[in-house]
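Here the working numbering is used: the first residue of the sequence shown is 2, the next is one more, and so on.
For the record, the hints were derived by calculation from the structure and aren't laboratory data.
Check before you lean on any hint, since a few could be wrong.
Here are the in silico distance ranges between beta carbons for each label pair [to be verified]: (1) V209 x R278: 19 to 25 Å; (2) V28 x L6: 18 to 24 Å; (3) M272 x A105: 27 to 33 Å; (4) V161 x V32: 34 to 40 Å; (5) L47 x A197: 29 to 35 Å; (6) L122 x I99: 34 to 40 Å; (7) F273 x I245: 19 to 25 Å; (8) P190 x G106: 35 to 41 Å; (9) V104 x M272: 48 to 54 Å; (10) A138 x L6: 30 to 36 Å; (11) S240 x T44: 28 to 34 Å; (12) A207 x G238: 29 to 35 Å; (13) F21 x P179: 39 to 45 Å.
Predicted, not measured: the structure shown is a model, and the values here were computed from it.
For each residue, glycine too, the CB sits at the ideal point set by N, CA and C.
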Amino acid sequence: MAVPLFYLSPLPVMIAGIAFSPLAAFVAVMVSGAGLGLGFGGTFLLTYMVSLGGPAFALSYAAMLARPDSAGRDGLVWFPVGGLVLLSAAVSTLAVIIALFAVAGDYESYRRAVIAAFEALLSGQVLPGAQPTDPAAVGAIVARLLPGMAAVMSMVSQLVCLYLAARAALISGRLRRPWPTLSAFRLPPVTSLVLAVAIALSMAGAMVGLSASAAAATLVCAYALAGFAVVHSVTIGHSARFLILGALWLTTAVLGWPILAMAVLGFVDAMFDFRSRMGTGQSPPAANDR
Numbered sequence: 002m003a004v005p006l007f008y009l010s011p012l013p014v015m016i017a018g019i020a021f022s023p024l025a026a027f028v029a030v031m032v033s034g035a036g037l038g039l040g041f042g043g044t045f046l047l048t049y050m051v052s053l054g055g056p057a058f059a060l061s062y063a064a065m066l067a068r069p070d071s072a073g074r075d076g077l078v079w080f081p082v083g084g085l086v087l088l089s090a091a092v093s094t095l096a097v098i099i100a101l102f103a104v105a106g107d108y109e110s111y112r113r114a115v116i117a118a119f120e121a122l123l124s125g126q127v128l129p130g131a132q133p134t135d136p137a138a139v140g141a142i143v144a145r146l147l148p149g150m151a152a153v154m155s156m157v158s159q160l161v162c163l164y165l166a167a168r169a170a171l172i173s174g175r176l177r178r179p180w181p182t183l184s185a186f187r188l189p190p191v192t193s194l195v196l197a198v199a200i201a202l203s204m205a206g207a208m209v210g211l212s213a214s215a216a217a218a219t220l221v222c223a224y225a226l227a228g229f230a231v232v233h234s235v236t237i238g239h240s241a242r243f244l245i246l247g248a249l250w251l252t253t254a255v256l257g258w259p260i261l262a263m264a265v266l267g268f269v270d271a272m273f274d275f276r277s278r279m280g281t282g283q284s285p286p287a288a289n290d291r
């Protein structure tokens with residue numbers, strides 16, 4: 002239960018920010034951080050603020066931002082869903098970068114630390130008759146993949162908590178913004194350029210490459226979410242919609258690789274706008290839904 006509770010820890014802060022006010026979310030972050038700092042020390046306080054409390058406050062605050070516009074519902078245009086996805090990617094990447102430099106100041110020190118931790122984890126756990134593996138070699142691969150994996154897990158957990166917090170506010174009647182059409186959300190056009198730069202930088206060595214790999218992974222995840230939105234949108238009114246969506250989400254949860262296919266679909270839709278070309282019968286998305 003410890004792992005699920007850890008990833009759901011931003012939920013109370015987000016509920017406070019969405020259902021009540023930014024001040025309530027700020028107080029929740031400060032109280033939680035102070036408790037961790039007093040109970041476990043400054044390291045836990047900094048970790049919470051960077052990886053959980055700060056992102057939770059930022060996302061809940063952004064979700065309730067609006068500006069006057071006659072084209073929006075009730076005369077307001079709210080912070081777009083695509084912007085929230087990108088903000089989650091940004092804060093997740095930033096948290097991982099800070100964690101990287103907290104672990105080590107250079108790539109070799111970081112790699113040695115991860116390999117040592119991996120070897121310690123595997124020590125004494127080799128099954129009888131199992132083919133021996135080189136923990137150092139596997140640990141080196143893990144060291145390369147770890148920043149991206151950590152950033153994506155943080156991003157997904159934040160977005161799930163944001164969705165649950167908004168749902169809780171909606172059910173309780175305290176959600177002030179209209180519920181957006183999630184299947185209509187789109188990423189800003191600049192996302193593709195940022196992704197290209199991140200992928201190019203991830204090829205570099207040292208800490209720059211690791212930091213860029215975290216950014217690239219979160220942006221690929223953002224495009225994957227856009228791909229899922231495309232499937233949800235184009236299957237509206239389809240008789241087999243429930244079966245299609247159920248099979249898609251199930252295979253993604255079990256196999257994992259469909260996420261890459263969804264990322265490609267999301268990227269292609271951003272270029273060619275499949276949702277409009279396929280004529281789903283939906284009206285163009287409202288300003289609040291983009």
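Quiz item: Falls inside 19 to 25 Å, the C-beta gap from V209 to R278?
Solution: Check failed, 39 Å falls outside 19 to 25 Å.
Quiz item: Is it true that L47 and A197 lie within 29 to 35 Å of each other by Cβ?
Solution: holds, 32 Å
Practice problem: Just tell me: holds or violated, for the beta carbon distance of V104 and M272 against 48 to 54 Å? | Solution: Violated - the Cβ-Cβ distance for V104 and M272, about 38 Å, lies outside 48 to 54 Å.
Quiz item: Between F21 and P179, does the C-beta distance stay in 39 to 45 Å?
Solution: Given range 39 to 45 Å: violated, Cβ gap about 18 Å.
Self-check item: Consistency of beta-carbon spacing, T44 to S240, with hint 28 to 34 Å
Solution: For S240 and T44 the Cβ distance comes to about 55 Å; the hint is violated.
Quiz item: In this structure, is the beta-carbon distance linking A207 and G238 contained in 29 to 35 Å?
Solution: violated, 51 Å
Quiz item: When you take the CB atoms of P190 and G106, is the distance between them in 35 to 41 Å?
Solution: holds, 36 Å
Quiz item: Taking the CB of A138 and the CB of L6, does the distance hold inside 30 to 36 Å?
Solution: Holds: the Cβ-Cβ distance is about 34 Å, inside 30 to 36 Å.
Quiz prompt | Beta-carbon spacing of V28 to L6 - inside the hinted bounds 18 to 24 Å or not | solution = This hint holds: roughly 21 Å between Cβ atoms.
Quiz prompt | I99 and L122 - C-beta distance against the hinted 34 to 40 Å | solution = violated, 23 Å
Quiz item: CB of F273 to CB of I245, is that within 19 to 25 Å?
Solution: holds, 21 Å
Exercise. Return holds or violated for the Cβ distance of V161 and V32 against the range 34 to 40 Å.
Key: Violated - the Cβ-Cβ distance for V161 and V32, about 23 Å, lies outside 34 to 40 Å.
Of the numbered hints stated above, those contradicted by the structure are hints 1, 3, 4, 6, 9, 11, 12 and 13, listed in ascending order.
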